[in-house]
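Build the complex: two chains, separate frames, hints provided.
Chains as they are written, first to last, in full-length UniProt numbering: chain C, 1 to 580; chain G, 1 to 233.
Mixed in with the good hints there might be a few duds.
[What the hints assert, rightly or not] Straight-line Cα separation of at most 30 Å, BS3-like style, residue types lysine-lysine; simulated pairs:
{"id": "1", "chain 1": "C", "residue 1": "K407", "chain 2": "G", "residue 2": "K148"}
{"id": "2", "chain 1": "C", "residue 1": "K526", "chain 2": "C", "residue 2": "K493"}
{"id": "3", "chain 1": "G", "residue 1": "K130", "chain 2": "C", "residue 2": "K407"}
{"id": "4", "chain 1": "C", "residue 1": "K370", "chain 2": "C", "residue 2": "K335"}
{"id": "5", "chain 1": "C", "residue 1": "K526", "chain 2": "C", "residue 2": "K482"}
{"id": "6", "chain 1": "G", "residue 1": "K130", "chain 2": "C", "residue 2": "K482"}
Keep in mind the hints are simulated off the structure, nothing from the lab. Because the structure is a prediction, the values reported are computed rather than measured.
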Amino acid sequence: MTYSFPDEVLEHVFSFIQSVKDRNAVSTVCKSWFEIERWCRRKVFIGNCYAVSPRMVIKRFPEVRSIELKGKPHFADFNLVPDGWGGYVLPWIVEMAGAYPGLEEIRLKRMVVTDESLELIAKSFKNFKVLVLFSCEGFSTDGLAAIASGCKNLRELDLRESEVDDLSGHWLTHFPETCTSLVSLNISCLGSDEVSLSALERLVGRCPNLTSLRVNRAVTLDRIANILRCAPQLIDFGTGNYTAELRPDVLSNLAGAFSSCKELKSLSGFWDVVPAYLPALYSVCSRLTSLNLSYATIQSAEIIKLVSHCPSLQRLLVLDYIEDSGLEALASSCKDLQELRVFPSDPFGAELNVSLTEQGLVAVSLGCPKLQSVLYFCRRMTNAALVTTAQNCPNMTRFRLCIIEPKTADYLTLEPLDVGFGAIVEHCKDLRRLSLSGLLTDRVFEYIGTYAKKLEMLSVAFAGDSDLGLHHVLSGCEGLRKLEIRDCPFGDKALLANAAKLETMRSLWMSSCTVSFGACKLLGEKMPRLNVEVIDETEPPDARPESCPVDKLYVYRSVSGPRFDMPPFVWTMDEGKILH
Amino acid sequence: MEVGLKMGFEETELRLGLPGGGDGGEVVRKRGFSETVDLKLKLSSKQGSSGIDPNEEKMTGLTKEKNLLLSATDPAKPPAKAQVVGWPPVRSFRKNILATATQKSSSDESGGEKAAFVKVSMDGAPYLRKVDLRMYTSYHQLSDALAKMFSSFTIGNCGSQGVKDFMNESKLMDLLNSSDYVPTYEDKDGDWMLVGDVPWEMFVESCKRLRIMKGTEAIGLAPKAVEKCKKRG
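The shape of chain G in the complex, shown without the other chains (with noise of 0.2 Å):
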């Protein structure tokens, strides 16, 4: 399966920032953000040493459950348990259904599901991807996690770009008239958003399936993103 070439190409970056500091005018969320996160999707050659960190050291299972561990973003939360990638033996179709089983049982709203299995896909790569959104408790650990998962495809045409900020809708328009690849999702209710507009558990209880597309393809989901950054001011 010929899926083009791994080397010669630049390594893109992609940010999307979230609004900052609440105002008058935001909608009220279960979580107040007060701090800007950034999701960056590296897609960097596998060849020669540029892209790859001489220092990275090959993981074995035990040095990933320590990258796994998870830090709060709300100090009033402990942190959550490491998890380790197949660990226990569950099928995720078990996983996913005690999920919603126990959700519905429980009276407690807010405990969330225990795993939340998302079909990844990316234009232009030949098969689909799953990632379990509990696994990371930030877009930043998500976006390393998908950064790896498609960096061994080819992206075709990309240049480099800076950084691009949702808080200014130029800027943002500049984005999406780009070839850059921008990550979106459906949520529950069917509608296909950007991701990084909602705070990260808002994130995973609505998301039900991943999609990296085209800068220029996502450009019909602006409309709803910009009439977020004008809410925000």
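Same shape as in the complex, but just chain C (with noise of 0.2 Å):
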């Protein structure tokens, strides 16, 4: 006789397993254990939006509280997907509107996201409270206002890098007086067209649970007092423009205002900033973990101030204003240092505007033994400094490198950097992201599938010799979940070879590679669950031999067969016939 649990108590038991992966885990042990995790999930990550549907999300899950959704391929920012290729949330807020009355928290991530959607959301969920736009699009001010003025409980409202259309300013009045609920407010993408000052303020000043709050471009440092006087208990603050003429009351009013800021950890916005206004935050420096200087055009000289008062900093976002003597200086105050951005201020200019070399890369690695996570833009990089960086950093998880110009060598000894991004791999074992440049063959990609076994995103450009560098990865990589390659020479037989890896894997990108339409057709009549879209904006794919290569290529798995809302410039291979 099987000896279990009553249901509840195995329920009871779970709410306490509350991270995803171990709740899939948990609802693989047996049939019971399915169903009863099924009606206990509250909380559901779908990474791609189209690996299933919301019918099949709805009937699996029924009790959600809370979702994510991540539409667009990563190259998407950097324009590489089309406008209309997908990634529309209205679906599923319709499906959801009817099954989830009880729905709190919507997160998405490169979607597109209508008006409509928003009014959809502000009328459905009465106890909605969290929305979190991560790089989305569609919607304008209209769309706020409706969530604004429906959602009574609303606590977090957060566009970050979202794209909005600013229709006017006076969204904001929207929140009824009686809002108190906020806790997180982004609207730092908001144009610079004015944003109700006013409201702003008393929106501010009526939500005593406030802790983070990221102002726009609109707001200018005259009115940064009077927030922060509103809100002295923030944690996160994001500025507006930081600059006015320099008078001395204006600085010392700020000043204080900061100071009455007892829990600042985060600081970013910065956009336009007069040096002279700097020192206004030293009394929040020596608390400051997160600092987001990376629209700041301000000189190496001024940051090395800034940064050389933070000395608790762990996450440093800048512009390669800082140079390597910024960097070497970063180095020496700022020992907790877990994450470093650097941004090219320049980044189409033939032109070397600034002095940040490699040295400064190795030597943030040798000062700061913390480091984990790095994304550097420069112009130069060497094996040797490389090899460096991942002796010197072995619990590094995140290594994104970018020299600006593509194939770039080694520029002591003019050879390719496979040695040094192979150290990278070899040392860090725990690296889970890896951007790749420079000049690089397949050597640097059977390094890869060598060590990198944690590994669960690669970026590849203009790098490889042949279909070998792409084997290497998709038969050496077992924790790949992601994988995205433009301009090199990969084709068919690596695709082809390592088909059934690809269910493995969330997506694959290609574009500009080699591989044909002969072995897209193919790999989608083979792989009856992989979608295998080719995108093509200048005319159908069958309108040429079919050993052309197609332009760009996302192959992803999913569950729910190929979709339908597929713009004419998308062709999805099912089964060996084109779909449209």
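Now the structure itself:
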């Protein structure tokens, strides 16, 4: 006789298991656990909105309160995915409006969100609390007005990096006077158009639990002091334009306002900085763990002054104006640094405008033992620097290097950078994310396939010599989930030989490579659980011989079959037929 | 999403001619134009061999790079660097923001913006597209890119039109009275203008968004264009 716990006990135990991965594991133990778990699952994460249909999700998980969806492939960030490709959230909202009246949280990334979707959210979910739109587009301030007025218990409204049609700054006035529930408000992406500043200040003033506030560029420096004084409990603050004529009273007022925020740990914003106002931040600097100066066009000396006041800094985003000297100062001041992102101030200029080289990266790797996550744009690199970095930072989990000119060799030895990246994957055994650049042969992929066993996401551009490169990655990287490739000589052989691998991954993107249309059709035919999408804006792929390479290929696993919302320039290879 | 038939419509050629040769009555511009620039919006059928150049090879990213190599129209300026789509991998909002920031902080006004993303809408098309105007150095290149972008849409009833010349007021009115498509743009002041009116650089700096509208709808923009024609004589 089997002896098992009553369902309620199991359900209670499962309620302590929050992570999606663990929940998924629990549900595979046995049929009864599957049943119990699905009824008490409250949070669902769907990494690719086309991998499953809304109906399927609702059928399996009838009592969801929080959903996270991702739409377009990552390369959409760099305009490689044509507008209109897809990623519409409306069908999801429509289905959930009926099935999940108690839905509280919606988090979306790279999806197309219309005002209609936002209005439907506001109308359908009476207890709606959290809306995060990360890199989304398709909506206007009208949709935001609907959310503001319709969601009586709204806690979080985060529009980070989304593209909003700024029709009117008055949407903020749609938050009723009775709204006091806001905990997080991020409107930094809104244009410079007028935002109703008085409405913002009143809203901030009446929300005592507001701990994260990121305003947009329309909020000028002189208004910041007022806002901060309304919300001294802030932990995370994003300024607007940090610029004004230098006046001592404004400076001291601002300094006073900042010093009244005893919990402030994270700062961002800083468009158009007047360096003379930076000292207003000094009282906060000692507690600062996160600083985003990636829009601030201030020079190295000013950055060094500021950063040297921040010994607790864990995360720094900055422009390459920091230069090697600034990174050396960072390395000596900020021993707790875990994440560094250095963005290019002049990505399209042919001329070297700043002295930021491989030296800066090495300095930080040497001085900051906790460094885990790096995004680094520069114009020159050496294998030696990469090897040193790898040896200094064996705990690195994310390493993204972008040498601005494609196919740039080691500038000292003129060799490819295979050995350098090889050292990264060999020493950093927990590496989950890697972006390559510079001159690279098939050899680097051999290293990656051999050592990068925990790698989940790989981005490749202008690299490799042959199919062997792709084959090494697909056959060697056991944990690979996302692979995105552009402008590499990878083609049919490696793709078809590793077709089964693609079902273990979330997605594969290949553009400007040498995968033929015939191979795409074959892949679609042999692998029914993969959606094979060919994207071509100039003409249908069957207008040319089958051996011709396709422009863009996006392959992803799906349990719901080919989608039906494709635009005219996307074709799906379903069972060898072209569907449209 | 049914967008309609892709076959059976004729090639539409639309040309906008810029005023040729400066003369006394012309307003002083940043750069003088001594040649006529044609803006062609070719929306051709995808089906069959008509409209498709059999010699047009499938482009890899590298060939595209060559195609984007910009030739200077002004011999005094060195050729701009070739720009590859999506490289370096910097997000658009960051590019646009940096552009405005560096413009303000530098005293050099003619440096201009490093990236200029604008939305492009076409009447009848179900969604918007975006272009970076800095990817092109002439109306010619822009019109090629636009034609490629919108060639996947049907453009309905359009007859084949000959060359339209903005220098001639009556021909301009003809164009605007037809059902052809006319590229227009919204400038910094919020005014809608016909594309092709001003020198390319000026256009890039003042263009906020593009709209490809039917000639009959663009008729309202005619007065400005006509006025300009009259100024040039």
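We went through each hint and held it up to the structure:
With a CA separation close to 29 Å, the supplied pair K407 (chain C) and K148 (chain G) stays within the 30 Å bound. A threshold of 30 Å between alpha carbons decides the hint, and for K526 (chain C) with K493 (chain C) the separation of about 15 Å falls inside it, so the pair holds. A distance of roughly 28 Å separates the Cα atoms of K130 (chain G) and K407 (chain C); the hinted pair therefore holds under the 30 Å criterion. Our distance criterion of 30 Å between C-alpha atoms is met by K370 (chain C) and K335 (chain C), whose separation comes to about 8 Å.
For the hint linking K526 (chain C) to K482 (chain C), the alpha-carbon distance of about 21 Å falls within 30 Å, and the restraint holds. A distance of roughly 26 Å separates the Cα atoms of K130 (chain G) and K482 (chain C); the hinted pair therefore holds under the 30 Å criterion.
Checked against the numbered hints given earlier, the structure satisfies every one of them.
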